[in-house]
Amino acid sequence: MSKICSLKEAIARIVKNGDSVAMEGFTHLIPYAAGHEVIRQQKRNLTLIRMTPDLIYDQLIGAGCVKKMIFSWGGNPGVGSLHRFRDAVENGWPQPLEIQEHSHADMASTYDAGAANLPFAVLRGHIGSDLPLYNPQIKWITCPFTDEKLAVMPALNPDVTIIHAQQADQQGNVFLWGIVGVQKQAVLAAEKVIITVEEIVVKLNPPPNGIVLPHWVIDAVCKVPGGAFPSYTQGYYERNNRFYQQWDPIARDRERFNQWIHDYVMAVENFADYKAQLEKDLIPGDTK
Amino acid sequence: MSKICSLKEAIARIVKNGDSVAMEGFTHLIPYAAGHEVIRQQKRNLTLIRMTPDLIYDQLIGAGCVKKMIFSWGGNPGVGSLHRFRDAVENGWPQPLEIQEHSHADMASTYDAGAANLPFAVLRGHIGSDLPLYNPQIKWITCPFTDEKLAVMPALNPDVTIIHAQQADQQGNVFLWGIVGVQKQAVLAAEKVIITVEEIVVKLNPPPNGIVLPHWVIDAVCKVPGGAFPSYTQGYYERNNRFYQQWDPIARDRERFNQWIHDYVMAVENFADYKAQLEKDLIPGDTK
Amino acid sequence: MNQYTAEEMMTIAASRKLKNGVVCFVGIGLPSAAANLARLTHAPDVVLIYESGTIGTKPNVLPLSIGDGELSESAQMVVSVPEMFRYWLQGGWVDVGFLGAAQIDKFANINTTVIGDYHQPKTRLPGAGGAPEISTNAKESLIILKQSKRAFVEKVSFITSPGHLSGGDAREKAGLSTKGPTAVITDLGVLAPDPVSKELVLVSLHEGSTVEQAQEATGWHLKTNDPVPFTPPPTPLELSVLRDLNERTALAHSGTH
Amino acid sequence: MNQYTAEEMMTIAASRKLKNGVVCFVGIGLPSAAANLARLTHAPDVVLIYESGTIGTKPNVLPLSIGDGELSESAQMVVSVPEMFRYWLQGGWVDVGFLGAAQIDKFANINTTVIGDYHQPKTRLPGAGGAPEISTNAKESLIILKQSKRAFVEKVSFITSPGHLSGGDAREKAGLSTKGPTAVITDLGVLAPDPVSKELVLVSLHEGSTVEQAQEATGWHLKTNDPVPFTPPPTPLELSVLRDLNERTALAHSGTH
Chain B
1 MSKICSLKEA IARIVKNGDS VAMEGFTHLI PYAAGHEVIR QQKRNLTLIR
51 MTPDLIYDQL IGAGCVKKMI FSWGGNPGVG SLHRFRDAVE NGWPQPLEIQ
101 EHSHADMAST YDAGAANLPF AVLRGHIGSD LPLYNPQIKW ITCPFTDEKL
151 AVMPALNPDV TIIHAQQADQ QGNVFLWGIV GVQKQAVLAA EKVIITVEEI
201 VVKLNPPPNG IVLPHWVIDA VCKVPGGAFP SYTQGYYERN NRFYQQWDPI
251 ARDRERFNQW IHDYVMAVEN FADYKAQLEK DLIPGDTK
Chain Y
1 MSKICSLKEA IARIVKNGDS VAMEGFTHLI PYAAGHEVIR QQKRNLTLIR
51 MTPDLIYDQL IGAGCVKKMI FSWGGNPGVG SLHRFRDAVE NGWPQPLEIQ
101 EHSHADMAST YDAGAANLPF AVLRGHIGSD LPLYNPQIKW ITCPFTDEKL
151 AVMPALNPDV TIIHAQQADQ QGNVFLWGIV GVQKQAVLAA EKVIITVEEI
201 VVKLNPPPNG IVLPHWVIDA VCKVPGGAFP SYTQGYYERN NRFYQQWDPI
251 ARDRERFNQW IHDYVMAVEN FADYKAQLEK DLIPGDTK
Chain X
1 MNQYTAEEMM TIAASRKLKN GVVCFVGIGL PSAAANLARL THAPDVVLIY
51 ESGTIGTKPN VLPLSIGDGE LSESAQMVVS VPEMFRYWLQ GGWVDVGFLG
101 AAQIDKFANI NTTVIGDYHQ PKTRLPGAGG APEISTNAKE SLIILKQSKR
151 AFVEKVSFIT SPGHLSGGDA REKAGLSTKG PTAVITDLGV LAPDPVSKEL
201 VLVSLHEGST VEQAQEATGW HLKTNDPVPF TPPPTPLELS VLRDLNERTA
251 LAHSGTH
Chain D
1 MNQYTAEEMM TIAASRKLKN GVVCFVGIGL PSAAANLARL THAPDVVLIY
51 ESGTIGTKPN VLPLSIGDGE LSESAQMVVS VPEMFRYWLQ GGWVDVGFLG
101 AAQIDKFANI NTTVIGDYHQ PKTRLPGAGG APEISTNAKE SLIILKQSKR
151 AFVEKVSFIT SPGHLSGGDA REKAGLSTKG PTAVITDLGV LAPDPVSKEL
201 VLVSLHEGST VEQAQEATGW HLKTNDPVPF TPPPTPLELS VLRDLNERTA
251 LAHSGTH
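Protein chains in written order, with the numbering used here: chain B, 1 to 288; chain Y, 1 to 288; chain X, 1 to 257; chain D, 1 to 257.
The hints are simulated quantities; they were obtained by calculation from the structure and are not laboratory data. Keep in mind that the hints are not guaranteed to be accurate.
As the list claims (entries may be wrong) - PhoX-like, lysine-lysine: derived pairs with alpha carbons at most 20 Å apart:
1. X:K179 - B:K149
2. Y:K149 - D:K173
3. B:K149 - X:K173
Please model the complete structure; the sequences and the hints are all you need to start from.
Encoded structure:
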């Protein structure tokens, strides 16, 4: 069976209510299209996992899809707060949000351990920080050789990992490059994997040691050109910094936010329609 | 101070008698030239570290440089035994050789831990094997979260790591590609680092996510064209399989071996002379 | 005297702390501005690392996010985030961690997690990010933030990234062998930990600022060197390089990207 | 009957064990020949992995070493060796481990470390390499080696890579959840573990071999299926593809490279 299908089908088939879902990306290659499809399909009680939750997680939280978030830094990069995230944590709107908080070094290590099929990760870290007081998953271990005290955390193995990448071939092999974050680890650590790509090419042409994810670690590959918008895809399009700035006032206001989700996510058929609508409405006069 | 110097100077300055030295390479990019320089300078009581010790370690052992070897597979790839290694282990010639034995998965993990500045590595392995009975460094740990039993080994941090790579620039940054083995880990885990390269270029031009070792993790960069011969350097020359086959009868015989070391290592000035001599003497009529 | 702003002075004072040739792990925002200014002035060989995996970056404009394409395209190399934190930061290769903060206390402990109770927060901040392990694994750290009573508190309600903890040898006793924060650069002056008590002391004032202003903007009784020297003012070169950088940056970010 | 050699039959019989589409971690030598023969005949979509870091390799000639340039250049991707062992093998992605051996015992335990005493060895063998964790982390393993009394011993003096340990449920009890060796392919026939006792049983004979020969080449009382079926002989296609492969390989390795 081909791994290639529509994003609508992939999300419907693979993401279940209650799943833990990592939509990873470190500023680059954020899977916005997939996030919107999750909102559109009204998935519920998700545990969202990401080192750097940003606007798409703000949207998922505000849209009521999320029960819990596992993360290490949640903000609108270069702009400020995630207001929907804050509203959920501070005021329980639209529902209380349980949080499980890590540091980047911790979370990167737990993804690494998950990909390596180890039950826990070891970290030279967390010392002196209050984080371990509030995250009971962080424990301490004594090195059997040196007696040093080190932090340990359970490995991270999401039910579903979703990422965006540059290219796939017809078989469903995926090639990505640039800032690749924890995507390989998140993919290899997950039970199921969905990857959206800019294009499907006849033959991938990675350089020696280029980063390829073979089709046999992936469950669905979906062609969604621009699927990382307003984040960027190296080699395809740049980051729409203006949208990140414009998001701030939308997200500050529950009403505006609800209207935005309705207009740009629920009322459109797919990501292409959303992008067309957004480009028309939100950034008038900007031709870039 | 420039990191670029002659191999003779680098080995003289950096490799001390009694050091633990990892000359890494996984069939590809074996640092033969550096190994010969170590023999020529008659370094003694070394602890040699390598996942796959091959001919160059056979030569170092037979030449009396080695007190101990830490390894996971010692053979002449595609040909058979390392006779000098066997003679040292089985008969203590030219001196007894202490061995510390691992599996590949174990040793790759201990290099990884060494690079990550963790005191130990965790492995889902060694279960059912007799290896832990003979390597007291392998211990067992219980996962604090799942109660699973896992193997742990001390991290590997060589005093000196020596590797061969394709290119460096004038600043001493190094770029390598192809089968890269554990080289990055061995370099980052080491106290001191020597890298021989095929050529020094004006500007490295790695692809996105290409493997670069910055000058500030390296102590000496030495230009030695053909420095991996008779192993290969992707993009430069192929493996001289014939030499690997011809090594077998030389290494089987102590006298022939001694003569070979004298003629091709001790009596020549440098690796270029050795290569020229060898190509003339050993492979007559072969023009390749 | 009014030829430059307090923020310019702060950025320039911070940039001077970065020696040429050091390996610097850079936070986004003010640290990134200061580190790049250093690179473009007195420290051309400084190695800048951003936690997105970019090593040896030489961005032409300041990044808006930690993972801008500009960082990746101008980098000497781009590695995965686990490799960044495991091999490069934890591996011990970073000389200087350059951090921002929401709140800082008397002993240079940083809070970027939460104001008020953790479970019933008054303000939920972004969280830890890379800072805790930068502050413990880098050989030393520099902190840059604007001085105010809200930001400079006697004791942070949450230690996200340890500075000198409760002062004295507390940091060492906790098992940390790195130096920790060696300077805090603000819009009013520069603070540094007392060698023994590790309490932050005002060691220089930017021209135009006073000890009283600094005290007013600090939530504890601020000790000062006596007398407090003035920070050397920006040189024309520092100012013009910084302004060019800011101008290029503003221009680049004013479009859709 | 004499149209093919015992080694050809062995390689072909082994190649048939590899199903199309599986992910196979391949040892050098006989396993590599059999796995590539499978790829070039009935299993074009088999994914071959060599421990040097090459994934999805399609070598045109058989590699002499585990890290030949041919493997790297024909691979879908090349990863570091730690990544190979940590993420891909330990990560659980390998369906079949395809191993050779110096010695094997009744319960398919493999010895590639030492004959005789470990500290005073009669013969020092190359050591473990990737095999111990291949044999425990791959979902199942296949073993290919020539049958002889020297190689097929009742009990190996050193278990390098666990098969079924002392038989029965010993493997499971040791904490191993993977199947372990499911077949041993030799130049005389095919052995497989008894479903309950896990003792290796002769389940097929290559044409021209006899049960007596097989017993003669085995260091313990060899149980057999009754009757023992003959292995289907090589098809003309299998033979010609294997011979072409061997010929290309010999030619490529006869030069200096």
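Straight-line alpha-carbon gap Y:K149 to D:K173, limit 20 Å: 12 Å, holds
Regarding the pair X:K179 and B:K149, is the alpha-carbon distance no greater than 20 Å? 19 Å, holds
For B:K149 and X:K173, compute the direct alpha-carbon distance and say whether it is at most 20 Å. The given pair, whose Cα atoms are some 12 Å apart, holds under the 20 Å limit.
Every hint from the earlier list agrees with this structure, and none is contradicted.
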